[in-house]
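Undergrad: Counting in the UniProt record's numbering, the sequence shown tops out at residue 322, every number present.
Among the hints, a few may not be true.
Unchecked claim - Straight line, CA to CA, 25 Å or less: simulated BS3-like cross-link-like pairs of lysine-lysine:
#, residue 1, residue 2
1, 4, 15
2, 165, 112
3, 235, 295
4, 78, 109
5, 109, 167
6, 213, 30
7, 167, 140
8, 78, 68
9, 112, 59
10, 295, 167
11, 59, 292
12, 59, 295
13, 229, 145
14, 292, 4
15, 140, 61
16, 292, 140
17, 213, 15
18, 295, 30
19, 112, 145
20, 213, 155
21, 229, 213
22, 145, 109
23, 167, 234
24, 112, 78
25, 4, 30
26, 78, 4
27, 30, 15
28, 61, 4
29, 59, 15
30, 112, 68
31, 165, 78
32, 61, 78
33, 68, 4
34, 140, 155
35, 112, 140
36, 234, 165
What the hints assert, rightly or not - Just the calculated beta-carbon pair ranges, DEER-fashion:
#, residue 1, residue 2, range
37, 268, 47, 40 to 50 Å
38, 250, 65, 38 to 48 Å
39, 236, 52, 29 to 39 Å
Note that these hints are calculated values from the structure, not bench results.
Quick caveat, the model's predicted, so the values are computed rather than measured.
All C-beta atoms in this analysis are idealised placements derived from N, C-alpha and C, irrespective of residue type, glycine included.
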Amino acid sequence: MSIKNYPLQFEPILKDRIWGGEKLQTVLNKPITSAITGESWELSTVEGDVSVVANGELKGKLLTELIKESPNEILGTKVYEQFGNQFPLLFKYLDAREDLSIQVHPNDKLAKERHSSFGKTEMWYVMQADQDARIIVGFKEDSSKEEYLENLNNKTLVSILDDVKAKAGDVFFLETGTVHAIGAGLVVAEIQQTSDITYRLYDFDRVDANGNKRELHVDLALDAINYNKVDTHKKYETTQNQSNVVVDCPYFTTNFIPLDGTIEVNRNGESFTVYMCIEGSFGIRYENEIYKYEKGDTVLLPADISGYIIDGYASVLEVFIS
């Protein structure tokens with residue numbers, strides 16, 4: 001007997017990182033167990049890190065199991081046609097107590113050839129920012145492989161990279177090939193292609209608790225980097241009780257909803273929808289049930305949930321594949 005779908009939440013997959021801190025608990029109420037928790041993977045089918053349902057009749061089931069059993073109903077007809085049984089996106093929250101490494105992600109072609117993986121186009125929504133918190137996004141001016149290597153070898157790479165002050169509400173869209181680093185003092189919601197492929201270029205000569213430096217991927221990165229100046233900062237509207245487009249790319253569409261009341265939503269079954277609560281609280285009313293969410297919660301609405309009502313007072317990211 002099949003179980004009717006409903007809004008699904010998943011157990012957070014918590015990751016300790018050398019640069020992590022405790023804000024995933026203090027800001028987002030995640031059940032962290034260390035003082036260096038850098039990431040909460042909210043929705044993932046990355047091998048070894050597959051999300052487990054946390055609520056309702058399907059509690060304890062793997063997301064991959066649900067997709068295998070009901071691909072069109074979970075993913076949507078268009079998404080299933082394009083990606084088969086693969087869930088194409090990965091959702092995270094990050095807490096950067098220290099600067100992350102300077103890194104880059106390969107495009108689909110390189111990632112498939114080298115790692116049998118998707119590339120990693122991604123976006124960041126800044127949820128909280130300490131004073132003077134900054135990010136690195138691309139080069140200050142058009143560069144070259146030669147200039148990049150010279151500065152990397154001289155430990156002056158940061159001098160040719162563009163660093164931008166970041167504040168709550170900022171959105172940065174990073175196409176593959178963009179050299180980047182999240183700076184210290186930021187809590188970020190991250191939406192990306194399903195990929196865990198990162199080429200680390202420079203790690204500020206940090207060492208771990210055992211005195212070891214983390215691996216760098218200088219050679220692999222050379223053909224992955226876009227050496228041109230890029231514009232990553234996204235401007236977007238903030239009209240209340242509407243889905244305001246923030247990012248619309250081949251991999252995902254992300255809308256910003258400033259919720260102050262009620263919105264009725266109707267879907268066509270072509271794609272799943274994910275909501276990330278980035279401020280306040282809201283509920284989803286579906287088939288005489290109310291599902292409630294707080295800041296830091298992430299919920300997956302299977303594609304066969306076609307009509308529902310959102311109400312509350314919150315800032316919400318709405319993500320689907322168009």
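Undergrad: Hint by hint, note whether the structure agrees.
TA: Cross-check of the supplied hints:
no.	hint	verdict
1	4 / 15	violated (32 Å)
2	165 / 112	violated (34 Å)
3	235 / 295	holds (23 Å)
4	78 / 109	holds (22 Å)
5	109 / 167	violated (34 Å)
6	213 / 30	violated (28 Å)
7	167 / 140	holds (20 Å)
8	78 / 68	holds (16 Å)
9	112 / 59	violated (33 Å)
10	295 / 167	holds (18 Å)
11	59 / 292	holds (17 Å)
12	59 / 295	holds (21 Å)
13	229 / 145	holds (13 Å)
14	292 / 4	holds (19 Å)
15	140 / 61	violated (47 Å)
16	292 / 140	violated (44 Å)
17	213 / 15	holds (18 Å)
18	295 / 30	holds (10 Å)
19	112 / 145	holds (23 Å)
20	213 / 155	holds (15 Å)
21	229 / 213	violated (29 Å)
22	145 / 109	holds (20 Å)
23	167 / 234	holds (13 Å)
24	112 / 78	holds (22 Å)
25	4 / 30	violated (28 Å)
26	78 / 4	holds (20 Å)
27	30 / 15	holds (12 Å)
28	61 / 4	holds (14 Å)
29	59 / 15	holds (22 Å)
30	112 / 68	holds (23 Å)
31	165 / 78	violated (38 Å)
32	61 / 78	holds (24 Å)
33	68 / 4	holds (15 Å)
34	140 / 155	holds (17 Å)
35	112 / 140	violated (30 Å)
36	234 / 165	holds (14 Å)
37	268 / 47: 40 to 50 Å	violated (31 Å)
38	250 / 65: 38 to 48 Å	violated (28 Å)
39	236 / 52: 29 to 39 Å	holds (33 Å)
When each numbered hint is compared with the structure, violations occur for hints 1, 2, 5, 6, 9, 15, 16, 21, 25, 31, 35, 37 and 38.
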